[in-house]
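The chain contents come next:
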Amino acid sequence: MAADLIESVAKILFIFAVNVGVFAPILGWVERKQSAVMQDRIGANRADILGFTAIGLFHSLADAIKLLTKEDFVPANANKFFHTLAPFISLVPAIAAFAIVPFGGRYELFGHEVHLVIADLDVGILYVFALAGLATYGTVLAGWSSRSNWSLLGGLRASAQMLSYEVAMGLSIIGLIMVYGTLKLTEIGAIQEDFFRWGIFLQPLGFIIFMTCAIAENKRIPFDIPEAESELVAGYFTEYSGMKFVMFWMAEFLEMVTISAVVTTLFFGAWHIPFVTDAMLLSWFQFAGPNGAAALAMLVNIAVFFTKVSFFIWLQMTIRWTLPRFRYDQVMRMCWKMLLPLSLINLSITGLVVLLL
Amino acid sequence: MTSVQVGIPAAVLKPKKVRRRLDMTLWEKLYVAEIVRGLVVTSKHFFINMIGFIFPPAGKKRKIFTVYYPEEKLTLPPAYRGRPVLVADAQGKEKCVACGLCEKMCPAHAISIVAAEKAPGERYPERYTLDLGRCVYCGYCEEVCPKEAIVMSDEYQGLAQRERSRLVFQKEQLLRPESKVKARLSYVRRIYSKWNY
Ligand code: SF4
Ligand code: SF4
Chain A
1 MAADLIESVA KILFIFAVNV GVFAPILGWV ERKQSAVMQD RIGANRADIL GFTAIGLFHS
61 LADAIKLLTK EDFVPANANK FFHTLAPFIS LVPAIAAFAI VPFGGRYELF GHEVHLVIAD
121 LDVGILYVFA LAGLATYGTV LAGWSSRSNW SLLGGLRASA QMLSYEVAMG LSIIGLIMVY
181 GTLKLTEIGA IQEDFFRWGI FLQPLGFIIF MTCAIAENKR IPFDIPEAES ELVAGYFTEY
241 SGMKFVMFWM AEFLEMVTIS AVVTTLFFGA WHIPFVTDAM LLSWFQFAGP NGAAALAMLV
301 NIAVFFTKVS FFIWLQMTIR WTLPRFRYDQ VMRMCWKMLL PLSLINLSIT GLVVLLL
Chain B
1 MTSVQVGIPA AVLKPKKVRR RLDMTLWEKL YVAEIVRGLV VTSKHFFINM IGFIFPPAGK
61 KRKIFTVYYP EEKLTLPPAY RGRPVLVADA QGKEKCVACG LCEKMCPAHA ISIVAAEKAP
121 GERYPERYTL DLGRCVYCGY CEEVCPKEAI VMSDEYQGLA QRERSRLVFQ KEQLLRPESK
181 VKARLSYVRR IYSKWNY
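For the protein sequence lines, the chains are A and B, in the order given. Residue 339 in this note's numbering sits at position 339 of the first sequence; the count goes up by one each step and never skips. Residue 4 in this note's numbering sits at position 4 of the second sequence; the count goes up by one each step and never skips.
Be careful, since some hints might not be right.
[As the list claims (entries may be wrong)] Sample of chain A residues at the chain B side, in silico, Cβ under 8 Å:
#1 Val-30
#2 Gln-34
#3 Met-38
#4 Asp-40
#5 Arg-41
#6 Ile-42
#7 Ile-208
#8 Thr-318
#9 Ile-319
#10 Trp-321
#11 Thr-322
#12 Leu-323
Calculated from the structure, these hints are not laboratory results. Keep in mind that this is a model prediction, so the values were computed, not measured. Glycine included, every Cβ here is placed at the ideal spot set by N, Cα and C.
The task is simple: from the sequences and hints, build the whole structure.
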């Protein structure tokens with residue numbers, strides 16, 4: 001159907017634009033500026049256009065120009081095919097994972113039902129895990145195909161770390177799924193219309209475990225042993241330059257966005273304002289007519305959702321600039337000896353409570 | 001160009017209590033609470049600075065130590081050892097009597113003097129060459145000079161050159177009126193008078 005097609009294309013374009021066009025460059029700036037502000041510095045502010053610096057925002061632009069014009073270097077003995085493929089395998093899942101995240105409710109617009117999610121899969125959350133598993137390949141392939149010791153070590157570390165944390169991450173979510181009784185992210189979002197059924201209240205421990213594992217999956221500090229610049233130069237992307245390097249860099253930022261979006265959807269009420277249901281939103285915007293009301297409500301949904309996402313991005317950035325890096329054995333011990341038992345305990349308690357109620 | 005003073009004055013600094021026992025308590029071993037504490041510290045800085053950025057406090061000394069270098073310059077303390085300069089007297093002539101002590105003392109052999117006599121018994125340096133490419137800014141020349149004729153100034157610019165020959169300074173380039181190095185001179189007198197040379 002034409003309307004369905006238009007709706008899908010519009011949603012895909014919207015998400016793509018938000019991710020690649022807004023979040024990726026802005027996060028490069030935020031990372032610089034936030035770290036500076038946190039450390040009582042001023043941060044990047046020298047790039048200017050006609051003397052106008054826009055508090056350092058043009059540094060992203062300068063970066064883009066610099067990286068686009070850089071030589072695309074491939075080491076002599078590298079496996080050229082996989083060396084080129086790896087950044088794509090890293091980046092594509094990071095963007096694709098956003099497809100199942102609902103950023104708004106279900107509204108009637110011009111007699112056509114608009115659902116603010118690109119793909120409403122029945123197994124939504126499993127899809128996220130599958131793509132997270134796929135992203136591991138990008139890292140490992142990058143490390144292996146570069147023919148560099150640093151890269152290989154980084155890739156090995158990444159594979160061990162990401163496989164381990166996937167286990168704990170999967171188990172930490174099961175409690176939540178048991179409570180909600182669905183894998184569909186849109187349904188999970190809809191359930192959280194009731195403020196007291198937000199995931200954070202039902203599964204506080206699950207939230208902490210999930211957040212920790214998600215940061216570890218994204219290989220960011222304090223879990224950045226795959227890149228560990230003080231030990232491994234730059235880890236698995238040591239041998240990358242130019243655009244391919246940017247793809248890893250973007251993948252990291254976009255994974256951060258995706259993690260924030262998933263956490264928001266699962267634990268922090270998705271697109272809902274506390275105590276405000278979608279029906280209430282519609283009735284408030286009644287003055288704009290049925291279509292206008294739906295459009296306004298949709299805008300509010302999207303704004304609320306991305307505000308929450310921004311908050312979690314801020315949180316991850318703060319964590320990144322606060323904590324020191326774990327040692328390799330500490331990362332493994334934390335996963336297998338702390339997070340995994342904790343998530344199992346969380347799971348059994350949840351099961352017991354669900355059974356008794 | 002503005003001159004800024006940054007940092008906390010020494011008088012304000014208070015000694016911090018340091019915990020000597022370094023094994024972790026049970027509370028710290030739990031980790032999550034300590035993470036939150038760390039996050040609170042960094043976030044506090046973040047939000048305070050954020051407010052400072054959005055509403056800059058007028059007239060207050062700024063908390064951020066970063067100096068916008070070419071536009072702003074630090075006010076250097078008199079203890080700063082910039083490049084050595086020759087002090088001129090009221091007539092604009094060097095005070096140096098070409099005794100050669102600094103030439104002898106200089107650990108880097110940066111100074112070379114050609115002495116001559118103005119009048120019988122009155123020596124002056126006909127040429128006084130200071131190779132700033134060799135100088136290590138130790139200040140020995142200043143310390144040893146009996147006439148306070150050579151002192152360390154607060155100048156540090158112009159020392160990045162493509163050719164080493166441009167770092168060789170002659171007497172005329174080195175002469176500074178006494179008023180320019182007054183702070184350093186009084187500092188030198190105070191410090192060196194403490195020790196019984
Ligand atoms: S500061 Fe030291 S190295 Fe430089 S000219 Fe004086 S004595 Fe020589
Ligand atoms: S020690 Fe002083 S007076 Fe003697 S030659 Fe050096 S600058 Fe001149």
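Status of each hint after checking the structure:
1. Val-30: With a closest approach of 12 Å, the A:Val-30 hint is violated.
2. Gln-34: This interface hint holds because 7 Å falls under the 8 Å limit.
3. Met-38: Hint on A:Met-38: holds, closest Cβ of chain B at ~5 Å, below 8 Å.
4. Asp-40: Holds - the Cβ of A:Asp-40 comes within 8 Å of chain B, reaching about 5 Å at its closest.
5. Arg-41: It holds, given that the least Cβ distance between A:Arg-41 and chain B is near 5 Å, below 8 Å.
6. Ile-42: 4 Å, holds
7. Ile-208: 7 Å, holds
8. Thr-318: 6 Å, holds
9. Ile-319: Holds. Min distance 7 Å.
10. Trp-321: 6 Å, holds
11. Thr-322: 4 Å, holds
12. Leu-323: 7 Å, holds
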